[in-house]
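Peer 1: Sequence:
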Amino acid sequence: QVMDTDIGEGTRINASVILGSVIGNNNNIGPYSYIRAGTVTGSNVKIGAFCEIKKSKIARGSKVPHLNYIGDTEIGSGVNIGASSVTVNYDGFKKSKTIIEDDVFIGSDTMLIAPVKIGKGAIIAAGSVIYQDVPPNSLAIERGKQKNIKDGAVRYRDRKKL
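Position one of the sequence shown corresponds to residue 1 (UniProt numbering), numbered consecutively onward.
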């Protein structure tokens with residue numbers, strides 16, 4: 001379903017909903033994605049399966065491959081956003097923006113907590129929760145330290161049997 005939307009030449013839409021948006025030339029969208037009102041894409045943008053894009057701008061050649069939520073975000077050109085990533089735009093009181101500059105790589109399963117700006121050429125490691133600005137050409141990684149507890153699974157299951 002496409003309503004109140006301008007679609008550029010050569011754009012392919014596969015089983016997706018697009019409302020009140022402007023979609024550039026040679027985009028590839030879906031399947032099963034939802035592009036909400038106020039979204040604008042440049043040319044050669046890929047929005048993959050099961051994505052939701054809300055009130056965002058995505059510049060030329062950027063990729064939002066699959067299983068992502070992008071809300072109130074400006075994405076520069078040549079950006080790749082890994083699977084299952086989210087721009088967290090609402091804190092329960094107000095909506096905030098995320099800015100992702102050109103040539104940024106964001107690893108899978110990343111949360112960007114708005115308001116936040118990711119500088120040109122930066123890399124975000126998979127599984128990170130980013131809540132501070134990332135300077136250009138920086139590598140950002142934020143993860144809790146993994147702790148393996150010997151026989152912890154056995155003790156957990158034993159407690160659940162009670």
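Worth double-checking, as some hints may not be accurate.
Straight-line alpha carbon distances no greater than 16 Å define the calculated EDC-like cross-link-like pairs of lysine to aspartate or glutamate that follow [stated by the list, open to error]:
(1) LYS95 - ASP109
(2) LYS117 - ASP133
(3) LYS117 - ASP72
(4) LYS57 - ASP91
(5) LYS150 - ASP133
(6) LYS63 - ASP102
(7) LYS117 - ASP158
(8) LYS55 - ASP4
(9) LYS120 - ASP151
Hints listed in this document are in silico derivations from the structure and should not be mistaken for laboratory results.
Peer 1: Of the hints given before, which are not true for this structure?
Peer 2: 1, 4, 5, 7, 9
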